[in-house]
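Produce the entire structure from the sequences given, and follow the hints as far as they go.
Protein chains in written order, with this note's numbering: chain C, 1 to 224; chain L, 1 to 43; chain X, 1 to 238.
For the record, the hints were derived by calculation from the structure and aren't laboratory data.
Stretch-level coverage of chain X by chain C, calculated; a stretch enters the list once three of its residues show a Cβ under 8 Å from a Cβ in chain C:
no. : stretch
1   : 118 to 129
2   : 132 to 146
Only part of the chain C face toward chain X is listed, based on derived beta-carbon distances under 10 Å:
no. : residue
3   : A155
4   : L158
5   : L167
6   : L168
7   : P175
8   : L178
9   : L208
10  : E222
A virtual CB, placed ideally from N, CA and C, is assigned to each residue, including glycine.
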Amino acid sequence: MSFFRGALLVAGKDLRIESRSRVALQQILPFGGIVVVLFAFALDSDRDLLPRAAPGLFWAAVLLAMLLAVGRSFAVEEANRARDGLRLSGLDGGSVFLGKASAIAIELFALEAVLGIAVVVLYDVALHEALILVLTAVAATIGLAATGTVYGVLAGGLRARETLVPLLVLPAVTPVMLGATRAFEAALDRTPGDAWPWVQLLGAFAILVVAAGVAVFGPLLEES
Amino acid sequence: MSQNWGYVVAGYALTTGTLVAYAAWIKLRTRRLKRLLSDEGRD
Amino acid sequence: MKRIYLAATLVALAVTAFLALYVTPPRENQGFQAVRLLYLHVPCAWLAYLAFGVTALASILWLIPRTRNTTWDLLAGASAEIGVVFTALMLAVGSLWGKPTWGTWWEWDARLTTTAILFFLYLGYLALRRTGATSAERGTRCAIAALIAACDIPIVHFSVTWWQTLHQQGTVFNPNLDVKVNGSMALTLVLSVLAFTMLYGYLLIDRFQLAQLEEGREERELQLAIAERVRAEEVVPA
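Structure (structure tokens):
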């Protein structure tokens, strides 16, 4: 089976599980929504502060939701010895990585769209420079999904997995948090020139993590 | 304190204290383990 | 042999402290006496790099099948723990230096931020190490986690040149390699780095030996408990 067909297979499996269990839709998305609301409480719904902090708050909410999405993606592999199934399937480790990371990325895109609308409405944000916003989101999301997938399989099968993965993932995705927030700020400030270096950083990060993930997923899956 | 000696004292005390405590902690655990392992051997 | 090494280390540290606290002059434009904290802060930073570098190297050696050996896994773990201690000290002493010099305990500039991230990356690594009692169980996942974390080390180092921010440019390892510190301060700085490096070596050996003793202990204790239970069953048959 070709490399990308394998990835498509795994992504399809994960998305099909999601469409039947609807965990992302019914649990992770509302969680993201609550976080957006909670941030407003934290900042005392200050009319000036919320729109200015919106980029950072949006990406913080996405990061937290990503942790849940990654946790869920690997929780489905715990039941019914599914991990053994993956190992014995003969699929290339890199294929499985691309598949799982893609499924997580697709879920995150949908999440970001909905949370984005929530942030625009609740924090009174004026949108500008849609192209930059979209490119930033694409690069950032790929980086997030890939990093989460690497650590998800790294901690696979461990009893402390649920608390360990967030601790491992968050420091590693700080470049994404930084780059995405700055890029969004530049876009909303209507200074798109400032955003491009950050978009490039996000792109480079995404490429690096995807490459690393393809390389290490197989060996890590064997170990788990 | 004049000229910020307070910060200096705090820094040197913290560093010395931390490193001494850490070294002592390693030694303590090592001694405890060696005793435990020699007990196991005797059984 | 080890006693002599320890004595030499302690002497070096004592001489460093003497030079740092009495001999070298204060700096008028940099928080006066607070500059003496640099003789602690700089070696801590260097040692953090060194310790995490050793962890990275040992992790690579574990990952290569031909060189895979429990020694490398244990060495990686021991060095990382020491590195975390020195990173924490670096941040704390740096903070104590920063308050009188910059007027603030903390700044979100490039070097401080990336160093804080380094600290958390290796805290996560240490947490990961506790999930397996033997090298065979935890070796590969820990090695990969260590190598990912090690990516931050060059970022921390070059952060002051890539982003011109609050933290000063390297006084020794700066891009022009033009050493700006001189006289007794330079000597004390070099001596402090040497003394701390000797201390690192001493701590590493001790910590490594402890790791060797701990290796597989959980499993052995389980086997012992089972053996005892079996014996008890034999004496009093059901």
